[in-house]
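From first to last, the protein sequence lines are chains A and B.
Each residue of the first sequence is one higher than the last, beginning at 1 in this note's numbering.
Each residue of the second sequence is one higher than the last, beginning at 1 in this note's numbering.
Hint data in this document are derived by calculation from the structure and do not stem from the laboratory.
Among the hints, a few may not be true.
Heads up, the list lumps identical chains together, so a pair's fine if it works in one copy or across two of them.
Quick list of in silico lysine to any residue cross-link-like pairs, SDA-like style, CA-CA up to 20 Å [what the hints assert, rightly or not]: (1) Lys-50 x Ala-87; (2) Lys-82 x Gly-115; (3) Lys-104 x Glu-51; (4) Lys-50 x Lys-72; (5) Lys-72 x Lys-139; (6) Lys-72 x Ala-133.
2 protein chains.
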Amino acid sequence: MNFILDERLAGDTEFLVDWPLCRVLLMNDQQYPWCILVPRVMSDNDDVMKELYELSDDQRAQFDAESVFLSKTLMQYFQGEKLNIAALGNVVSQLHIHHVVRFKNDIAWPAPIWGRHSVKPYDDAALTDQKEALINLLKPAFA
Amino acid sequence: MNFILDERLAGDTEFLVDWPLCRVLLMNDQQYPWCILVPRVMSDNDDVMKELYELSDDQRAQFDAESVFLSKTLMQYFQGEKLNIAALGNVVSQLHIHHVVRFKNDIAWPAPIWGRHSVKPYDDAALTDQKEALINLLKPAFA
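Chain A on its own, in the form it takes in the complex:
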């Protein structure tokens, strides 16, 4: 029943922090501030969770708290126009919930970001800075 992060998610993201329920990841895409929450739980038969409604009531309440904290923190820090939250999972089935800060001048606005533009990774220095800033903001929560 140990939590295992999907390999594709692991490859596309950087680790930020583990909260009580979720692992918080930074999508390595400089085009948008984009974090992903992955509940660190497996199903009874040791498979991945796929749907939000498969979480228990307590887990969903904790997910809500973590999603709200992440949402407010991202919008306050980046001063976004709109937050896009989505649980899709048609390609990577492990339950993961996107939190994407959108701006009126981002390259996909006002369309959803998925499948619009190829991911554009941060350069090394910018990735280090972005990770450090977000870890400072997110790590104290739920400690």
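For this one, chain A is given, so just place chain B on it according to the hints.
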């Protein structure tokens, strides 16, 4: 502070039921079983709610209950492959949360549905049938 549904949302959808927090709408698009939850609340200054985190704790708990009921009901009834849940709102700013049942043989799979294919409305008879089936499933909840 009366709830007013955004005109564009009203034009694209059919009314199914009002639950304690949300209005449940059917998107008039025969390509996917697609419902939308719209919390029937306005902000303090009588503007629309835009973000999930603007809801109170009690409202978010109720939203969670309504979203889970809708999710399970849609997936059970339509026997979908995956449920896509998303709060986007870059075009229509009034907070509304998509619940879309996806199938491996739907026209957009595995891409997200937004902006892929133009909406294809139901014909009259099919719309009546779909509405009736969903109202029967959804109306008894939270009564």
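Homomeric proximity label, Lys-50 with Lys-72: Cα distance no greater than 20 Å
between (25 Å within a copy, 13 Å between copies)
Have a look at Lys-50 and Ala-87 and pick one of within, between, both or neither, based on CA distance no larger than 20 Å.
both (9 Å within a copy, 18 Å between copies)
When Cα atoms must be at most 20 Å apart, do Lys-72 and Lys-139 count as within-copy, between-copy, both, or neither?
Within one copy only: 14 Å inside a chain, 33 Å across chains, cut-off 20 Å.
20 Å Cα cut-off: does Lys-82 pair with Gly-115 within a copy, between copies, both or neither?
both (19 Å within a copy, 18 Å between copies)
Intra- versus inter-subunit Cα pairing at 20 Å for Lys-72 with Ala-133
within (15 Å within a copy, 38 Å between copies)
As a check of your reading, is Lys-104 near Glu-51 (CA-CA no more than 20 Å) within one copy, between copies, both or neither?
between (31 Å within a copy, 16 Å between copies)
The structure fails none of the hints (numbered hints given earlier).
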